[in-house]
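Chain B: place on chain A using the hints.
Going down the list, the protein sequences come from chains A and B. Be aware that the first sequence starts at 33, since it is given in my numbering, and climbs by one per residue. Be aware that the second sequence starts at 52, since it is given in my numbering, and climbs by one per residue.
Calculated from the structure, these hints are not laboratory results. Honestly, I wouldn't trust all of these hints.
Claimed, not checked - Derived pair list, reagent style BS3-like, types lysine-lysine, alpha-carbon separation capped at 30 Å:
{"id": "1", "chain 1": "B", "residue 1": "K195", "chain 2": "A", "residue 2": "K51"}
{"id": "2", "chain 1": "A", "residue 1": "K217", "chain 2": "A", "residue 2": "K205"}
{"id": "3", "chain 1": "B", "residue 1": "K319", "chain 2": "B", "residue 2": "K283"}
{"id": "4", "chain 1": "A", "residue 1": "K186", "chain 2": "A", "residue 2": "K217"}
{"id": "5", "chain 1": "A", "residue 1": "K186", "chain 2": "A", "residue 2": "K325"}
{"id": "6", "chain 1": "A", "residue 1": "K51", "chain 2": "B", "residue 2": "K319"}
What the hints assert, rightly or not - With beta-carbon atoms standing in for the labels, derived distance ranges:
{"id": "7", "chain 1": "A", "residue 1": "S375", "chain 2": "B", "residue 2": "R73", "range": "49 to 55 Å"}
{"id": "8", "chain 1": "A", "residue 1": "R431", "chain 2": "B", "residue 2": "S117", "range": "41 to 47 Å"}
{"id": "9", "chain 1": "A", "residue 1": "V378", "chain 2": "B", "residue 2": "L327", "range": "45 to 51 Å"}
{"id": "10", "chain 1": "A", "residue 1": "Q333", "chain 2": "B", "residue 2": "R73", "range": "54 to 60 Å"}
Claimed, not checked - Quick look at which bits of chain B chain A covers, simulated, 3 or more residues with Cβ under 8 Å:
{"id": "11", "stretch": "110 to 124"}
{"id": "12", "stretch": "139 to 146"}
{"id": "13", "stretch": "303 to 317"}
Even glycine gets a Cβ: it sits at the ideal position worked out from N, Cα and C.
Listed below, chain by chain, are the residues.
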Amino acid sequence: MRAAWAIAVQTLRSAWRSKLVLSPALVLLFITVFLPFTLKGDGTPDGLVRLTIGYTLGMVRFVLALTAIWTGCSAVSGDLAERPLYLVLTKPVRPLSVWMGKWMGLSILLTVLLAGCAILAPVMLIQSLDRHGITAEERRTLNEEVLVSRTGLKPLPDTSLSTEARTIYTAKKRAGEVPENLSEKEALHELYNALEIQANRVDAGEQRTWHFQVPPALRRVPFYQLCYAVMAPGFDALSTEGRWDALDAQGQVLETRPVTQSRGITLTLRLPARICSPEGGIVLRYTNTDTQKNTILFPPQSVPELLVRSGTFYGNYLRMVLVLLIQLLFWTAIGVTAGCFFSQPVAVVFTGWLILLTGIGAYLQSLSMEYGVFTGNPEHALWNWIVGPLYWLLHQLVRPLESEPVMDMLLSGEQIGWLVVLRELGIRLALYSGLLALFGAVTLKRREIGLPVKSS
Amino acid sequence: MDFEPIIEAVELTKTFRDFWRRPRVRAVRGITFSVRPGEVFGLLGPNGSGKSTTLKMILGLLHPGSGELRVLGESPDQVPMRERLGFLPEESYLYPYLTCEETLEFFGKLFPMNAATRRERVEQLLEMIGLQHARKRPVGELSKGMARRIALAQALINDPDLIILDEPTSGLDPLGCRQVKDLISALAQRGKTILLSSHLLADVEDVCDRIAILYNGSLRAMGPIHELLEDKTRYQLTLPELPPEAMKQLLARLREALGTEPEVERPKINLERFFLEVVRQAQNNREEYSGAQNAGVVAPYLQQKPTTPDHADGDRATP
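Excised from the complex, chain A in its bound form (with noise of 0.2 Å):
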């Protein structure tokens, strides 16, 4: 550790010195200073609010990365072509102290990087506020729906769908119609999917109810926010009418919320406390009464949603900032460890794919499935046994690396829990970065330094 951290120093001074801290960090100033003034927004707080968090700290991301892919990346190769690691690795140092030092380096010129970034960014945004001269009226909403942390509850699975799905599944078994390959899990969650489709299409007249269930930490709150989006069939049907009724165990109406929606916009309503029973209980129910007779239809992946106010928007940056700095932390990590391999542009392209790589799991997944690497299609066969296993091996490695929206989470006020932090410090930083580290000391320790330079 010792000779890490005299590397890590090392590596903080050069950066210092030779300007490299200089120019990502102007480019920086200049986004989180002077971006905010020139943005204007959509014409509502939130909206200005939303852009200037999003596109400050997007930028901000984006160069801290390519800062940290370009720094990891010549951090040891760099060295390696400068040959200074030549004359360190005749000294008693582990080339895993050598991964270490560089990596420590570089992180601890990243974090101030991005702390000043993260401290700066809503300096700035309170300064824009005040500057468009927000009522007090828009200020509320702007910390109940935007500068909060919030957390999403889905509804309760609707146990009667659940009976349907099961009787239908052990009829279609019986005739013999189920899929050999298809598990009863799956033709199960199957089957309940196409019965939720079908049950939340509400035509006109019609109601349709959702259950939920309040954890008790979540009960003790000035109110709660309904959250929902809808379809509509027909090209027409650009706005329909409906309304909400809030319910009690006995099925009265504890409160009304007429409504008026446009296709696929997400719509938030404010209902009182009270809605909520003892026990954690709301019930909502939806009535369709559109006077253009207009069918609607709840897309199974914007149910409608309560969110419930669980924290405040700078705990929620925090934690924002904190899955950042892990995940520009494990970039650096990639850089340090391809440098190891490769000269600087090499290793500046190959950490470039294996980013991108990293952030495809899905894609990756549904190639898998495309040529049929988990279904075992028989028409891939020979398609199968070639990419197959390539497909599977990056989908298993790339797999946990998928993480949560978190910038997207905080622009919605949806609560980043410390799970998903720790999550990400586990995955990224403890178990990935630690195994790249390892990459690193072992290409470090077998590889000839000493080979003549055209030969290296």
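Leaving out everything else, chain B in the frame of chain A:
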């Protein structure tokens, strides 16, 4: 007395291969040699003879193709062994953005020593190489000779038992060369083992006890330097200034005894000595100078070790 060799190479080979593992260059071809404790051993040879490859294998920067290699009793890739080793590479290979002081501090931190000892050594080394006045200057801004001195100092920060010097006088002015050679001799007299690679024969002749000459990867000659250089077929006589009559008589006697005409010429001081005399005079006049200043005093901590037992072969060359 028998001592375990500090470096022992037996049938050492190294072949450089291309991407497809096909042999491209046989850089070292089965060389066998050993370096004994407390001696200054010189590896000589023209460019491409395998000197640097051999040094790199000793340092663990290259893996031997075949043969056996032990350094300080261990395999060269053993990390703890390197605590007793100092290395000066052919080029300085230092971090250009670190100052002289930070560079020595950095390399000191790579060894297990406490901060007080490290700082003390850094001070002593800066004084030894005459760069106290440049301690805050980044290495990248130094002249090649000054950077070379820092590189030499870093090789000594851990008070090593074995010092490997690759072209130690490369890039140094004659004064620096003399100081380095004096330093090598002083270190050797204090029990350090030194392996030196150079193609500057005068340097090697001045400081080495034994040498090995490589050519095309093979060992062509090895032994104590005075034995290898001794011409056993002739004598050289050096006399003080004689009166002309006495000189005539002496030459007549010699002619009669030899049966041929003896060669007679006045000895010359070499250019190095002449140059050093001129520079010393300038220094005595206290002229302002921005380069390395009065150096050459061996750092006190390097003087502390007792001298190891006598060298196996021959006398040490003294500066």
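Which of the listed hints are broken here?
-> 6, 7, 13
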